[in-house]
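Asker: Just so you know, the protein sequences line up as chains A and B, in that order. Going by this note's numbering, the first residue of the first sequence is number 42, and it counts up by one from there. Going by this note's numbering, the first residue of the second sequence is number 42, and it counts up by one from there.
Derived by calculation from the structure, the hints in this document are not laboratory data. Please read these numbers as outputs of a predicted model, since none were measured by experiment. For glycine and all other residues, C-beta sits at the position ideal for the given N, C-alpha and C. There may be inaccurate statements among the hints.
In silico lysine-lysine, PhoX-like type, Cα no more than 25 Å apart, as pairs [to be verified]: (1) Lys677(B) / Lys642(B); (2) Lys249(B) / Lys271(B); (3) Lys120(B) / Lys249(B); (4) Lys249(B) / Lys264(B); (5) Lys195(A) / Lys677(B); (6) Lys195(A) / Lys642(B).
So, partial list: chain A residues that the calculated Cβ filter (under 7 Å) puts toward chain B [unchecked claim]: (7) Arg64; (8) Arg85; (9) Pro104; (10) Leu105; (11) Pro110; (12) Arg127; (13) Arg143; (14) Pro147; (15) Ala161; (16) Ile165; (17) Ala166; (18) Ala169; (19) Leu170; (20) Gly187.
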Amino acid sequence: MIFNVVITGIGGQGVITAAGLLRFAAITAGYRLTGADNRGGAQRLGHVSAVIRITDDDCEIRPLAPEIPKQNCDLLISLEASEGLRFADLINPGGTIVMNRRITIPTNIRRARLPYPTLAQCLIAYEALVSGGGRTSKVIELDADGMASDAFRKPILGNLIALGAGLSRSAPPGIVERLTSRLSEEERAAFDLGFSKQGTLT
Amino acid sequence: MPRPEASPTLSPFDPVPGRRLIVTGAGAAARGAFEAGIGLVTTYPGSPITETFEILASSENTARPICSLSLNEHVAFHKAMGFSLAGGRSLITMKHVGFNVAADPAHYIGYTGVKGGMVILVGTDPGAQCSTGEYDFRFYALHTHLPLVEPTSGQQILDCMRHAFEWSEADGVPYVIAVPAGACYGIEGVVTGMIEPKHAGTSFTESKTLTNVGRRAVENHRKLLERLEKIRREAEIRNLVQVFGNGREALIITSGIHLSRVREAANILGIAERLRIFCSTVTHPFPTDLLKTHVEACSRLIFVEDLGGFLETVISRYLLSLTRSPHVQGKDLFPAYGNLDLDMIMKGLANAFSVNIRKSCDESHTETAGITAVPDISKIPEIPEREGTFCPGCGYRGFFHILTEFLGPDDIMGGDIGCSSLPPHFSSWLTCMNSGTAIAAGVSLALAGRRQIVSMIGDSTLLHSGLQTLIEAAADDSDQVCFILYNHWTAMTGHQATPATPRTAEGVSRPHIDIKSLLTVLGVKRFDTIDPWRISGLRVLLKRVLHERGFRVVIVERECTLLSNRRRPASGWHRTYRLEPERCHECGMCYERLSCPAIVKNADGVLAIENGLCAHCGVCEQICPNGAIQEIQIRK
Ligand code: SF4
Ligand code: SF4
Chain A
42 MIFNVVITGI GGQGVITAAG LLRFAAITAG YRLTGADNRG GAQRLGHVSA
92 VIRITDDDCE IRPLAPEIPK QNCDLLISLE ASEGLRFADL INPGGTIVMN
142 RRITIPTNIR RARLPYPTLA QCLIAYEALV SGGGRTSKVI ELDADGMASD
192 AFRKPILGNL IALGAGLSRS APPGIVERLT SRLSEEERAA FDLGFSKQGT
242 LT
Chain B
42 MPRPEASPTL SPFDPVPGRR LIVTGAGAAA RGAFEAGIGL VTTYPGSPIT
92 ETFEILASSE NTARPICSLS LNEHVAFHKA MGFSLAGGRS LITMKHVGFN
142 VAADPAHYIG YTGVKGGMVI LVGTDPGAQC STGEYDFRFY ALHTHLPLVE
192 PTSGQQILDC MRHAFEWSEA DGVPYVIAVP AGACYGIEGV VTGMIEPKHA
242 GTSFTESKTL TNVGRRAVEN HRKLLERLEK IRREAEIRNL VQVFGNGREA
292 LIITSGIHLS RVREAANILG IAERLRIFCS TVTHPFPTDL LKTHVEACSR
342 LIFVEDLGGF LETVISRYLL SLTRSPHVQG KDLFPAYGNL DLDMIMKGLA
392 NAFSVNIRKS CDESHTETAG ITAVPDISKI PEIPEREGTF CPGCGYRGFF
442 HILTEFLGPD DIMGGDIGCS SLPPHFSSWL TCMNSGTAIA AGVSLALAGR
492 RQIVSMIGDS TLLHSGLQTL IEAAADDSDQ VCFILYNHWT AMTGHQATPA
542 TPRTAEGVSR PHIDIKSLLT VLGVKRFDTI DPWRISGLRV LLKRVLHERG
592 FRVVIVEREC TLLSNRRRPA SGWHRTYRLE PERCHECGMC YERLSCPAIV
642 KNADGVLAIE NGLCAHCGVC EQICPNGAIQ EIQIRK
């Protein structure tokens, strides 16, 4: 079993925190782990992403590269709606995508007065990626920041809401239990909110 | 579900061996050095390897090494060397371009040898994701004659780091460990080992070899080459060669982090049975003796490596000595530029083995039965690059906004490394540390009087390698305005202090070099200081200095906002700014030209200031031509 995850967004959205929780849970549950963080934009509202590859295989026998092979990403969580599209070629057509309803137009696009994809365009693109073979789409669209603001007055908890929503659809056995057991009460409530609601299923 | 084993940990200093430490590659290196009981670590910060030093320096453990943040890599190198000559274990960390700065001592340390174990940890950057420039660092091994280690995983980074100090002591030379950015930022659960007591140094022994001149230098050279031959033979004993598979169609030679990529690619492409993989962790001196039987068994050789093709170059020479030279492929399959990732390795190998890559990929997601149509990703909109930019409140945003108002299209701006070089990249060039003022000095010799020439130098760069440049520029009266961008920290790499940092991160004043006094001593006659948040003052000053001639210095001083903001009380009254939509003429001055990320456009196209992001610098208020932005007080 290999479970490949990408969590992405922009600096300040808690991408690395969410990735860290998932990694810790995976190791606690006895899985092996590879992947990498791209934290380059963390401080400067730039692109941030985390690749998390979880396996129960022996990595000595079946090692995993730090990158996900094309069409093999099982769960993509895009905390900024457009960022996840950078990983379009990695998406497993049977995978799950969580799209947070938020777009931040990069300053270079503003300066150059260029167009930028809208929320609606992003959603259409994500749906095209995971509706292979005419099965029901597996895009979870939600306003995680808004939900976190309403419920906890802390938009930053949007990362846990999105993570909960994503893992509700598919996760290797044991991971969700290990993950939630380490959360504070409030974080747990945020995770559960996403896990149970799953936003709007499109 | 797998059986949980030893409990995981997040602390690189966890005393318990056998735990799974979840850590980056750079962090695994820190753990390895800690386990080896190093007495000193020196560095000049540089991505992707900064974290190794940062982690070691963050330890409150009494076993923590002396952590020395040096002015530059050359100084750091000598310090680590001296510590080792006195019997202690020392580590120096730097990025590949930093090694250029330390290249002089690196070229004689093999000759003189070392005593206490010494490791040179170099973060390389194929793809130049965080550097000015990429090059195949490994070729340095050929002329420094230092042994080179390329760990294949996070676990091997830890293990090699721990053992390299012993190897260095046994062989009498420092070991170089090269870790590419992809591995520095890679994250795994690595197994911790025992922590050795600290090797803090014993004694200094006089030795003739340390005077590396004339005939002694030649004698040292001869002995070094002998030592390297011994190290070449030890690769087998030290268990540093991994061979996988016994196919006969091709022998793949690879190294470092590419090993896991090659193995996964071979599995996905279904060619694992057809080939064998040879991977030595020590790539210089390369254990060519161990290669022989494999080369003879296979009909061709494929080198999988990035950039210049170090292995292909070195091993091809050995192949010439064989009676039958196999067919060699390498740089014809994989580019000699950029970062080589899994996807490119898949493509190269698919090509070499005539496999249909698309079909292999489709079959690779076995858990998705029922998928009949693979989406056409050519219809997915291309997402333009999201460039990083100055943080909200960064002094450089207002500074460049106003400076570019004053400069014409023909004027020339020399750029330096660091935050001032962030997009939108205002400068005319950006090559390496201290490239701003130094290159401008040459340009001004050629064009003096015909062009307005300004240059940038960061405070950290000034102390790294800029002092000599400033002395010369002042002596020559170089015709340029040199802006010293003084934000108090080496901010780009995560706020390391410099000797000119006036306050600690907590805001306590500390002894520091006063830049103005320093300039006087260097012979600079004309200099001014300006706070870049004061737009009118900045305009007045620029108007004046840009009309003068000769060497002029302006210290642009404002502490990095990321740090000063951390000291703001979490609650209470805060100054912030509000954008009044009724007064806004949508001229674009703040949202587009200034482009502060805290100014956002909501769904109806109306501009607003996002309170959570605004760093209350007030620059937007000062540049708005319509008075639409106003200071307000809010309670948090
Ligand atoms: S500078 Fe002033 S008028 Fe121009 S867009 Fe900004 S707020 Fe509106
Ligand atoms: S919104 Fe205005 S005051 Fe706030 S950080 Fe940006 S430029 Fe400074």
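Asker: Next step is simple, just say for each hint if it's right about the structure.
Answerer: Consistency of the hints with the structure:
1. Lys677(B) / Lys642(B): holds, 23 Å
2. Lys249(B) / Lys271(B): Between Lys249(B) and Lys271(B) the Cα gap is close to 22 Å, so the pair holds against 25 Å.
3. Lys120(B) / Lys249(B): Since the Cα atoms of Lys120(B) and Lys249(B) sit roughly 20 Å apart, the hinted pair holds (cutoff 25 Å).
4. Lys249(B) / Lys264(B): holds, 13 Å
5. Lys195(A) / Lys677(B): Given pair Lys195(A), Lys677(B) holds - Cα atoms ~13 Å apart, limit 25 Å.
6. Lys195(A) / Lys642(B): holds, 21 Å
7. Arg64: holds, 5 Å
8. Arg85: With a minimum Cβ separation of about 4 Å from chain B (threshold 7 Å), the hint on Arg85(A) holds.
9. Pro104: Holds. Min distance 4 Å.
10. Leu105: holds, 6 Å
11. Pro110: holds, 6 Å
12. Arg127: Status holds, d = 5 Å.
13. Arg143: violated, 11 Å
14. Pro147: Holds, about 4 Å.
15. Ala161: Violated, about 11 Å.
16. Ile165: violated, 9 Å
17. Ala166: Hint on Ala166(A): holds, closest Cβ of chain B at ~5 Å, below 7 Å.
18. Ala169: With Cβ-Cβ at 5 Å, under 7 Å, it holds.
19. Leu170: holds, 5 Å
20. Gly187: violated, 13 Å
The structure fails to meet hints 13, 15, 16 and 20 from the earlier list, while all remaining hints are met.
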